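Given next are the chains, with one letter for each unit.
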Amino acid sequence: MNPVVILEVHLDTGTARLRRLPEARAALGGSGLAATLFSQYARPTEAWDHPDQPIIFAIGPLTGYFPLMSKTVCAFVSPRHGGYAESHAGGRSALALRFAGLDALVLVGRAPRPSVVHVGAHHVSVQDAGYLWGMDALSCAKLIRRQISGSGHRSIWRIGVAGERRSPMACINVDTFRHFGRLGCGAALGAKNIKAVAVTGEEHQTLPTGKGYAALYADIFRDLTDTEMMHKYHNLGTPENLEPLDALQALPWRNLQATSKPEAIGSMSGQHFADTALLRNAACAGCPVGCVHIGFVREKFLPQDNRYLYRQVSYDYEPIFALGTMLDLRAPTEVLALLDDVEKAGLDAMSAGVALAWATEAMERGIITEAHTGLRLAFGATHVYREAITRMAEARQEFWAHLAQGADAAAQVYGGADFACVLGQEMAGYATGETFFVSQALGLRHSHLDTGAYSYDQANPPQDTAAAVRFLVGDEAERVLLTSMVACLFARKVYSRERLAQCLTAIGMGDLASDLAATARILQARRWQQRLAFGFNPTAIPIPRRFTEVVTWRGPVDAHYLAELQKAYAQAIKALAAEVPA
Amino acid sequence: MKRLVAARMDRCIGCHSCSLACARLVHKILSWEHAGIRISSSGGLTTGFQAEVCLACDPPPCAAACPTGSLKARPGGGVVRNKSLCIQCGQCVPACPVGAIAQDRAGDIYVCIHCGQCVPFCPHDCLELVEVGS
Ligand code: SF4
Ligand code: SF4
Ligand code: SF4
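Chain order of the listed sequences is A and B.
The first sequence begins at 1 in my numbering and counts up one residue at a time.
The second sequence begins at 1001 in my numbering and counts up one residue at a time.
Hints in this document: simulated from the structure, not taken from any laboratory.
What you are looking at is a predicted structure, and each value in this text was computed from that prediction instead of being measured.
Watch out, some of these pointers could steer you wrong.
Simulated restraints on C-beta separations [stated by the list, open to error]:
#, chain 1, residue 1, chain 2, residue 2, range
1, A, Arg-20, B, Leu-1085, 31 to 41 Å
2, A, Phe-301, B, Gly-1107, 45 to 55 Å
3, B, Ala-1007, A, Asp-49, 27 to 37 Å
4, B, Ala-1073, A, Gly-508, 33 to 43 Å
5, B, Ser-1084, A, Asp-49, 50 to 60 Å
6, A, Gly-535, B, Thr-1047, 44 to 54 Å
7, A, Pro-303, B, Gly-1133, 56 to 66 Å
8, A, Gln-147, B, Ala-1007, 48 to 58 Å
9, A, Lys-300, B, Ala-1007, 32 to 42 Å
10, B, Thr-1047, A, Arg-20, 35 to 45 Å
11, A, Glu-299, B, Ser-1084, 20 to 30 Å
12, B, Ala-1007, A, Asn-235, 45 to 55 Å
13, A, Tyr-308, B, Leu-1085, 36 to 46 Å
Every residue gets a Cβ at the ideal spot worked out from N, C-alpha and C, and that includes glycine.
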């Protein structure tokens, strides 16, 4: 069996060390490997931006070997909560690492000056790049592409100004259309003085001999492309969800003051985006589905003349919710314009939109005024939001510096915590009910992808704390298995546990395939151990009042049940972490 | 005689399924670069994708440059390759006017043999195996 190959790059000296870990196979890869490495490198007693804290990028045993095994897990200490955090991205990141011969890349230390890290199968360097500091994330990549060869077979991860300013909303932009989005990994990179990481994947890898592997690949490929299973992702894409969620009264509008706007949803539907703004599709490397929807923004830049420029912007359900319905916008082009701005600034679209929604309501209520913001924020006022995004990323003026720390952090200063839509971090676009709110608030990544709680709510189960907790714990385990391989979660129906076992066996890792259910449970517990080791207290996570005021198709959210569920899930999390030795 | 044509690259989504299929099925390796067809973006993903693949020249300049006869003209254009004759000299690589031949660090070369095995793996029907003049 091949050992797990880890490249540790010391940013302070520009040196690197190659490690081979046979024992880490037990942690599979991705989430499991990241948590294992995190336990070795991270320092629970130090702040998130201490130079010794690692940033880990990990792929899995199946990366590249099967379709849709196309994601990379980034683990870091979050500036949002000071503990173990994961963010996942696709693009070419995973295959670039695979063909660079690495299972994980670990960055430690802090570069003395703004720098770019470049790694490949036969290359490691940390180079001064002061000229890139202050540059937007898109221009930065353009310059790096001119400096590093290997078009099509390299992946460039970079931060914008938000990451340089260490905002907990800063993301890492991956290959223009994908992101390590949440929990502030852009700030973690910025704190290390790293503007960008480029990975060149120039080597081939060995394949198992015999027919079994190629036949299994072809079967899975057929399932992913021929059947209806994945149709939604390449047709309208995730924006397909906008209309049905609005119909269910589960789509957040105007800072979650409403959950449905029948009069407006037509202009924000997935179909309307496709009809008016979709340019083409793109895919992550190794994925034939092509779920990436690229829209265009066309802008007249000389008002008196017919002079236009255009830009390409990728869109998805989540960014449309955050920078669209949450801000009460009414046209795809306006949402795409804001998305383009957050992209350049290197802000996480979800956090930025939800933070702006809070600020808008705070201004409506007179908690903050134009004296604080320098801008007259109003729902639907796209041009004002465009300016606000820049100010927030640059942390210009006291108010915007506070808001760049998160809606909840700003509410600590100005008031208005009741309507800051924060569940561990700014909410994802599902006002489906108690299970989802608790899942995001307590979930390991504070992500809507930690569990399928939004679908659980939609299935309309009777109120039953024990059953809901069983679902959350069980579903998380299944997802941890996938994020350890590292599969795109869109492929979860295709990659059943049995399929994953077949895949591992086909590439000669059959010994890992024997009891995947047990393995998943161990990985799940290990991740929680890392989260708790930095002082996470799931019982103490606030669920702001706004969430208890939500009315969905099932009626008002039940605050009592919400509290009970939080208590029970918190207990379950602690019990999970205690299942394996620390 | 058949020939692979990257006929509709304006539909390409950059998934690399074609390269991965060629590497897997023809060369028995895992790669997105060491394959008969390779996908690159012309300067960033916003510009779309292009395929580096053999255009089936007739006569083929790469074969003319090959000193050992490892690459030989194929009826209908392109080359047939006898791997056992290859001395990894790399002469064919610059001889190809469209950069269709890749060489790895060990010196092995990768050029399309127009077998068509990549075609069914393209989800957007960018590739086609066409019949060429008999
Ligand atoms: S490899 Fe290049 S030179 Fe040789 S036949 Fe193909 S396109 Fe022509
Ligand atoms: S036709 Fe055959 S040799 Fe040519 S790129 Fe496709 S799979 Fe490779
Ligand atoms: S398989 Fe088709 S869509 Fe995918 S990279 Fe190749 S040509 Fe493009």
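- Item | Hint check against the structure, violated hint numbers in rising order | 3, 8, 11, 12 and 13
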